[in-house]
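Number of protein chains: 2
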Amino acid sequence: MDALGKGHPPDVVVLPANTEEVAAIARVCNAQRVPLVVRGAGTGFTGGAVPTYGGVLLSMERLNRIIEVDELNLLAVVEPNVINADLQRAVEKVGLLYPPDPASLHQSTIGGNVAECAGGPRAFKYGTTKRYILALEAVLPTGEIINTGSKAVKNVVGYDLTQLLVGSEGTLAIITTITVRLVPKPPANATMLATFGSIQSAVDAVSELIRRRVVPAAVELIDSDSLAAVHDNLSADLVPRGTAAALIVEVDGTPRGVDEDLDRVMDACRSAGAKDMSRAATEAERETIWSVRRQISVALKATGLVKINHDVVVPRGRVPELFDAIGEMKRTYGLRVASFGHAGDGNIHVNLLLTPGDAGEQARAKEAERFLFTRVIALEGSISGEHGIGFAKAPYLLLELSGEEIALMKRVKAAFDPNGILNPGKIFP
Amino acid sequence: MDALGKGHPPDVVVLPANTEEVAAIARVCNAQRVPLVVRGAGTGFTGGAVPTYGGVLLSMERLNRIIEVDELNLLAVVEPNVINADLQRAVEKVGLLYPPDPASLHQSTIGGNVAECAGGPRAFKYGTTKRYILALEAVLPTGEIINTGSKAVKNVVGYDLTQLLVGSEGTLAIITTITVRLVPKPPANATMLATFGSIQSAVDAVSELIRRRVVPAAVELIDSDSLAAVHDNLSADLVPRGTAAALIVEVDGTPRGVDEDLDRVMDACRSAGAKDMSRAATEAERETIWSVRRQISVALKATGLVKINHDVVVPRGRVPELFDAIGEMKRTYGLRVASFGHAGDGNIHVNLLLTPGDAGEQARAKEAERFLFTRVIALEGSISGEHGIGFAKAPYLLLELSGEEIALMKRVKAAFDPNGILNPGKIFP
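Here the protein sequences come in this chain order: X and G. Letter by letter, the first sequence follows residues 0 to 428 in numbering that gives the first Met the number 0. Letter by letter, the second sequence follows residues 0 to 428 in numbering that gives the first Met the number 0.
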């Protein structure tokens, strides 16, 4: 199981101690045609680390060392089971930053983040995991150990297998060592929360701030249903009850630079009709602002409803149309829905909230899912921004990709895994 | 021919007007097993756009439209033959920036930039071409039209074929439409030039400024031989004769932010022992500073010598060791060498300068080439940072990649191009 809550048990669990043991396990599985599934912390939302046909589960538990933090060359070398937050802490100690910050950062592993190409709030300015992977050591399902990329920040020697492995959901190779790129940690940041009378004006504020040439580190949007869940189950004194939408914006840079930037952010929010704005003056106030966003998942779980998280993404300017589609979905299928996410990226987490055991609601949720994905594609978006396809979204792949594109991807898969032993049943319908 | 000055003529040149015509040409070539080579402006340094076996040369000349600049979504859609500088101008008109800025930007095309994953001075802060490609329309050598990625900035649906095509040197598919990501153009920039008594202290200055948490837009290093060529053939009043090394640093951001940053850059240069520093106060002074860098290639050509440009890259902290290796190469093989490039990225262009018609020097240059590449690999670097492999560096691929890695890349190639008709004789030895 993972965060999706579905799956099948493996027949065997193995815990290799090093790359050579991983290679030996792969060779045995390949020779015997046994399914081999790699697992980190199991925090995924689409079943990527969950067996679908039994077989061998390869746990990365013991490959958990930070091998090197190289300040001069702005890089770190880690084993796959290092927890994201542990890497963050290790590099921040020496004044550096590893930008990818998925909500699961205290549980999820760098290996899992690489396999799924995890995002997070800072992706607006900094990009997702793929932008920070310089080199990989990996084991092919046939047992060969390969190295991709290098410690140099540029490398155009042969095909970019590094980026092909990032986001390949454990279906192409078993990642055993990861070289990540770091950036200097900006000396200052500034954070604000603004409330709006509608989703439309919150999104207008995002467009306005881009028009004013600000590139915030994060731009997070929270809708009324998500805010209500936080109010009902936790606390959100910053946001009055009944608020239609809230925006959290954080900028980073030099001390005077962030002041200038936050002024422009607040101008943008004001001109888009913000009702109320709070600017954090202390680190504690910054934490209070971020806690509104961080509490949502917990608050939604506290409702006692079953939460089905859809991670859709559209070009940023089309977020209002996406919310129109979400509204239509709510009405047509009679469902509770709470939405929030990375507005700057057009990446919104649409959470269907279902009464446990209500088969009718579950059936309507299935239909709603297809409705939502079809609309997202029509808006030139994508059915997954950062959670991947796994087995949960595999039935919908043809909504986004053509038969020829899928056939090509399957030929690429065969180039890595001729016997199809690695993570079978994922991505492809 | 391209900038490398070597090649074989094609049998036929075709100039398709649209994607469908490209697909029809591919189908004919594939059916008849005829080599098919795609060509943009032909400014490459490794022969990527040059036929090696005759066949059909597919010129992209007529696919030269900027289809769309979308301010709200920070993207542009272009055909492959759009010149880099024309795209820069079009997006800067609306306050946006397309960061990749190869030295060839006034001649080279976006399609060629994508095929080779072009870099440039701004890559230190902004990254190379790959970071700016959101989506591609491409024609497979077998004639199918595929679309990769989407207009959304995040997309983890299936394998990342977009990044696999970027830098694939025209060997996997024929790119027909490119969706690029743009960023808001920073409102201000500031530029300085510093001179140093040794390469080592110039590189120390780069390490120092990173220690001070500055992320300049560009950090360019010029060695004494390159400076001498500029002095002899053009003009460089800013840099006294006999200077061992010069560094050009540009920062961008908010007006007050760039002031703060440039102060920190100058502190860093001072503490690393800079001899002289000039800070541009006007746009004209900024141009004067950059002209020192931009004149190098012309000045080296004006020497009348044959210039062989090697585009090597090492982890930034190992640039002094790279210059040690270059010094050893000069002495061992008795060659003139001028080096300059993107010090922030560890990406140095090492130019061998040969007397035309001197067979002995040419033979020594061949040996020197292998010496240099072997040392670069030993320094954990790569034999190409931004120019690609083409046919010029194909004999050296095994220095950097293992037999298994090359075999895997060939299987990926076969997944796209089962009959091997697309740009044969490139990348692989």
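Don't take every hint at face value.
One copy or two, either will do: identical chains are not told apart, so a pair holds if it fits within one copy or between any two.
[What the hints assert, rightly or not] BS3-like mimics (lysine-lysine), calculated; alpha carbons at most 30 Å apart, straight line:
(1) K300 <-> K92
(2) K306 <-> K184
(3) K306 <-> K124
(4) K92 <-> K329
(5) K365 <-> K300
(6) K184 <-> K124
(7) K365 <-> K184
(8) K409 <-> K329
(9) K92 <-> K365
(10) K184 <-> K5
(11) K92 <-> K5
(12) K306 <-> K92
(13) K365 <-> K274
(14) K300 <-> K5
(15) K409 <-> K124
(16) K274 <-> K92
(17) K92 <-> K409
(18) K329 <-> K184
Derived from the structure by calculation, the hints contain no laboratory data.
Worksheet item: Can you name, in rising order, the numbers of the hints this structure does not satisfy?
Response: Of the numbered hints, 1, 2, 4, 7, 8, 9, 10, 11, 12, 13, 15, 16, 17 and 18 do not hold.
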